[in-house]
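Participant: The listed protein sequences correspond, in order, to chains A and B. Residue numbers for the first sequence follow our numbering, so the first one is 1 and each next one is one higher. Residue numbers for the second sequence follow our numbering, so the first one is 1001 and each next one is one higher.
Rather than coming from a laboratory, the hints here were simulated on the basis of the structure. This one's a predicted model, so the numbers in the text were calculated from it and none came from an experiment. Hints should not be assumed to be uniformly reliable.
Below, a list of computed lysine-lysine pairs in the BS3-like style, where the Cα atoms sit at most 25 Å apart [what the hints assert, rightly or not]:
(1) B:1132 x A:120
(2) A:132 x B:1081
(3) B:1249 x B:1081
(4) A:249 x B:1249
(5) B:1152 x A:132
(6) B:1132 x A:132
(7) B:1120 x A:132
(8) A:81 x B:1081
(9) A:125 x B:1044
(10) A:249 x A:226
Computed, partial: chain B to chain A, Cβ under 10 Å [unchecked claim]:
(11) 1096
(12) 1123
(13) 1133
All residues carry an ideal CB built from backbone N, CA and C; glycine is no exception.
Number of protein chains: 2
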Amino acid sequence: MKLNFRKRNIALKISYDGTNYNGFQRQNPPSVAVQNILEERLAKIFGEKIEMIGSGRTDAGVHAIGQVVNFFTDGRIAVEKIPYAASGVLPPDIVVVEAREVDRDFSALHSAKSKIYIYKILNSKILNPFLKNFAWHIRFFLDVELMQAALKIIEGTHDFSAFKAASSTNMNPVRTIYAAELFFETDELLTIKIHASGFLYHMARNIVAAAVEVGRHRLTLEDFKKIFESGERKLFPATAPAHGLYLYKVFY
Amino acid sequence: MKLNFRKRNIALKISYDGTNYNGFQRQNPPSVAVQNILEERLAKIFGEKIEMIGSGRTDAGVHAIGQVVNFFTDGRIAVEKIPYAASGVLPPDIVVVEAREVDRDFSALHSAKSKIYIYKILNSKILNPFLKNFAWHIRFFLDVELMQAALKIIEGTHDFSAFKAASSTNMNPVRTIYAAELFFETDELLTIKIHASGFLYHMARNIVAAAVEVGRHRLTLEDFKKIFESGERKLFPATAPAHGLYLYKVFY
């Protein structure tokens, strides 16, 4: 029996402030991604090199409350001690919230069944300096009921080509949105929450940008629906800024 | 009549994330304080050099939700336009929340009647990366009822020498605390709110540090009271970290 066979498969739930990183996915130096830091620093507590698989990328400036990764290791640290040991080696903007030993066939990427992203919008005349990296500041009046109606239109199983990044390749654009909701966290802080079977590249931020156009009365609900159904990305507005977006939860 | 006589006295309410500044009060370059940025950038919208008076200093890393400043100017911009014009020239971590024209004898410093500081504590096993610059992270169990009892003891008019900075000069150490309260913002986020006639240097952070010692059962309520009454600064623990503290409101 090879030692290799005994490696544990460890899954971690990770929360990070993405402000200072070039996204989640490992980059070639000098560019630093969250994964670079995680692999480099956690190697110290497992006593060996680590190669992680993440549930998916997040772009530069995007945050995570519940990103999931997994990796195989011979390191013997007790699983319940990992979050505390990790806090001793990680910078304070990357936190291991939870650690679990999982089945050998679990993959943070391939086993994912669905994901929730949330997007925060500060809708106020004046910026709140404490949210500068954590919400999209929109000064204009937003018609929240119209935005909610737009989000209702995209629920269900559809071709989401109209919301994919202009640059993205021709992968299957059909996804299912289980729920797309907008609610108030405070008088001025809106959250858009999207639970989907998967997200095309930039899909969450493109949905938010289009919903905001509806909220600003620059796009009617009818036109929103028409463009969505046409699948023509170029008819929708620019992508919403990265710093309002959070990978909230991955379901397995 | 000299033009000088027509200068308006403008008061601003300022909110800032103090993370990247060396405190509020103007510093000699290359050290940059919030006041340096305010004076330099707002000069552009008033068309002349500005010298501000702040309600008081805040230390490096300390935040403000309602700092107040005033200054005299010949600049003709309408007062209600100042917050919007300011947002065009200020970095996003410094925000002019409100502007008013005030009486010539108003001084943000000398007219202040009382102030509220708040202090945020994240009491959780695991850090929240989004609060890394905005709350003191304490992993240990905190006995919140004992902390509330300690805060009750310091309410009223007292000699606060036991809470003044070791380095501070022999100014009158008598202040009145109108209210010192602790409440929960969320399950894990505590706020201590102190409303006082004035604060000695480091007083708010020293009160918080001592209350935390009580909450950790490292200092009994009786000893807290004894030390407070003795006025012996050196018997109390080190100052609480700057990044949990916010100048919340100044009353005039």
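Participant: Assess, step by step, whether the Cα of residue 1120 of chain B is no farther than 25 Å from the Cα of residue 132 of chain A, and give holds or violated.
Facilitator: holds, 19 Å
Participant: Starting from residue 1132 of chain B, check that the Cα of residue 132 of chain A is at most 25 Å away, please.
Facilitator: The given pair, whose Cα atoms are some 15 Å apart, holds under the 25 Å limit.
Participant: Should the interface hint for residue 1123 of chain B be scored as holding, given a Cβ-Cβ cut-off of 10 Å against chain A?
Facilitator: Residue 1123 of chain B check fails; min Cβ-Cβ to chain A is 15 Å, beyond 10 Å.
Participant: Taken at face value, is the distance from the CA of residue 132 of chain A to the CA of residue 1152 of chain B at most 25 Å?
Facilitator: Roughly 36 Å separates the two Cα atoms, so the pair is violated.
Participant: Assess, step by step, whether the Cα of residue 249 of chain A is no farther than 25 Å from the Cα of residue 1249 of chain B, and give holds or violated.
Facilitator: Violated. Residue 249 of chain A to residue 1249 of chain B sits at ~37 Å, over the 25 Å cutoff.
Participant: Verify the proposed pairing of residue 1249 of chain B with residue 1081 of chain B, using a straight-line Cα cut of 25 Å.
Facilitator: holds, 22 Å
Participant: So, residue 1096 of chain B near chain A? Judge it on the closest CB pair being under 10 Å.
Facilitator: holds, 8 Å
Participant: Measure nothing beyond the straight line between the CA atoms of residue 132 of chain A and residue 1081 of chain B; if it is 25 Å or shorter, mark the hint as holding.
Facilitator: holds, 21 Å
Participant: Straight-line Cα separation of residue 125 of chain A and residue 1044 of chain B no greater than 25 Å?
Facilitator: Cα-Cα ~21 Å, so holds.
Participant: Would you check the hint for residue 249 of chain A and residue 226 of chain A, treating anything up to 25 Å between C-alpha atoms as holding?
Facilitator: Distance ~30 Å between residue 249 of chain A and residue 226 of chain A Cα, so the pair is violated.
Participant: Are the Cα positions of residue 1132 of chain B and residue 120 of chain A separated by 25 Å at most?
Facilitator: Holds: residue 1132 of chain B and residue 120 of chain A sit about 19 Å apart, inside 25 Å.
Participant: Decide if the proposed pair is consistent with the structure: residue 81 of chain A and residue 1081 of chain B, CA atoms, cutoff 25 Å inclusive.
Facilitator: violated, 54 Å
When the structure is compared with the earlier hints, violations turn up for hints 4, 5, 8, 10 and 12 and for no others.
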